[in-house]
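Whenever a hint applies, use it, and build me the whole structure from the sequences.
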Amino acid sequence: MTEPLSFELSRPAVTPPRLPDADLPGPAPADVLPPEMLRSRPPDLPRLSEPEIMRHYSRLASLNYSISENFYPLGSCTMKYNPVLNEQAAALPGFAGLHPYQDEDTIQGALELMWRLERALCAVVGVERVTLQPAAGAHGEWTALRMIAAYHDSRQENRTEVLVPDSAHGTNPASAALSGFKVVEVKSGSDGRISLADLESKLSRQTAALMLTNPNTLGLFEREILDIAEMVHATGAMLYYDGANLNAFMGICRPGDMGFDAVHMNLHKTFTTPHGGGGPGAGPVGVKAELVPFLPAPTVERQNGHLTLDYKRPQSIGRVRSFYGNFGMLVRAYTYILAMGGDGLSQASRDAVLSANYLRNLVEADLEMPHKGPCMHEFVASAHNLTSANGVRALDIAKALLDRQFYAPTVYFPLVVPEAIMVEPTETESKATLDSFAAAIKEIVAQAKTDPEVLHAEPRSTPVGRLDEVAAARKINAYLVGQAEDPILRWKAPSDTA
Amino acid sequence: MAERRYTKTHEWVTLDGKQATIGITDFAQSQLGDVVFLELPAVGRKLGERESFGVIESVKAASDLYSPVAGKIAAVNEKLAQKPELVNSDPYGDGWILRIDLAGELPSDLLDETEYKKVAEASAH
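Heads up: the sequence lines are chains A and B, in that order. Quick note, in this note's numbering, the first sequence goes up one by one and the last residue is 498. Quick note, in this note's numbering, the second sequence goes up one by one and the last residue is 125.
Be aware that one or more of the hints could be misleading.
Each computed DSSO-like pair below joins lysine-lysine, with the alpha-carbon atoms no more than 30 angstroms apart [said to hold, decoys possible]:
id, chain 1, residue 1, chain 2, residue 2
1, B, Lys117, B, Lys79
2, A, Lys442, A, Lys372
3, B, Lys118, A, Lys202
4, B, Lys117, A, Lys202
5, A, Lys475, B, Lys79
6, A, Lys187, B, Lys117
7, B, Lys18, B, Lys72
8, B, Lys79, A, Lys202
9, A, Lys449, B, Lys118
Calculated from the structure, these hints are not laboratory results.
What follows is the structure, encoded as structure tokens:
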């Protein structure tokens, strides 16, 4: 089933609903805009009656797949359930109806929430202060690297390199490159953990920071983290924590205690705010004392019970997000933290690790496990054997899972594992769900060995079947270099006849 | 055809007089999968040995390309802009990537076919 675009459904005869007049006076557009910026006729918006547009969006929603419907084992993304209570809190009129330009005295409640959330996050990751501004994980990485660069600058040190393990999330080298650093890769050892010998050989007075995820993307705890921190600090560099995998040990141990100087957290992963298209995200960054002067302005400060926004921070890297971050997400995350309590958060992490190990043991009989367990909150399997023996790739297994009503795990990441299948069940799944997922894997692997061709044609039950990803990527690239027609837009506006 | 030499990072090089032709190996293209895009440098640019000169992108991943030799870029395979799939279908022939006028000699640590096969086998596991 496919659904036309609202533009294609549009009927010119429909009178669109009139928007109410603005309740504040404003200038006429012609008084404030130059003539060439003014429209000569109304925009070509789709014209549909309310029931038509309501049905259009409801049909689109029914084509969607979400964590509210079924299991979403997308490795490294921590697709945990988003509690309804979070939504209730964020919808409170005192939060939802705020305007960012309101006077400070009228937003004390919102500032109080930000202040308390900052304290809670400081306690969870073991840092001095936290900025709530960054709007996503990668934005948090970039913000932290800007602070680290400002720190080295303030000491008149010219450090130009950022070290990144070969198993790192792709955002790590991207954030480092965007911040103007040269990216230097550090190799993993055969046990899947960072090689200390290789790290030693890459560290120098040029190193600004080492970016590390712990547990790493193979779901393995970096056991030598204290030695790593000592090595990094001995050269005068900083240790950065990519918080994508924080769900593995929240409330059990803390990156700050491991020696990390800057720590980012994804509220949309670890702290149950909506994720992906349901976002927006939030990627707060926590820092140790030596980086505090460089935090983005404004910070929230409490003086005699009154909360203020502090813009007077001479060494600050400046604002990294309009206003105060994605405030609605801050409300949801704080609600989750309060609802769970300290014990609840550590229980969530224990359950996430238990789920991952339970599932890993179930699928171990069917898929190769390149690294020795036990794992932390996620594990990485490989379809390598099936690829060489039966021509069935990780992609085929992912697509076949869609036909069995599961979202696909992350595939082809981390890059250090061939035909990788990365599974993160999270603590919110029941044993029954994990059992049925393992049963689906067993069925698919059995099919791969007897009738692999069937798998190449899956999925069959989804609104759109197997996509030709290669053709799609090549066509867009050809278009971008001016060698093909626009492959993206299928609907073209009628020519200007007004 | 001149003897093909290899690097541990899966590039190959052949030499014709003082001009080297480079590309990626058959093993590399099979690991990358269908190549969809290459970001390549301009003719005339000088490259150091092991210097990154571009990016190769497949449906699965994007990887840096490294020059096995030092020298000046004499030619870039223009066909790859429209037909990146040549890297998959003919990695040692029409899928060549750069021709480089050598600044000096070929590096001494390049691998021969037997040595490279061992490297490829080791990284397949």
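- prompt: Can you name, in rising order, the numbers of the hints this structure does not satisfy?
  reply: When the structure is compared with the hints, only number 8 turns out to be violated.
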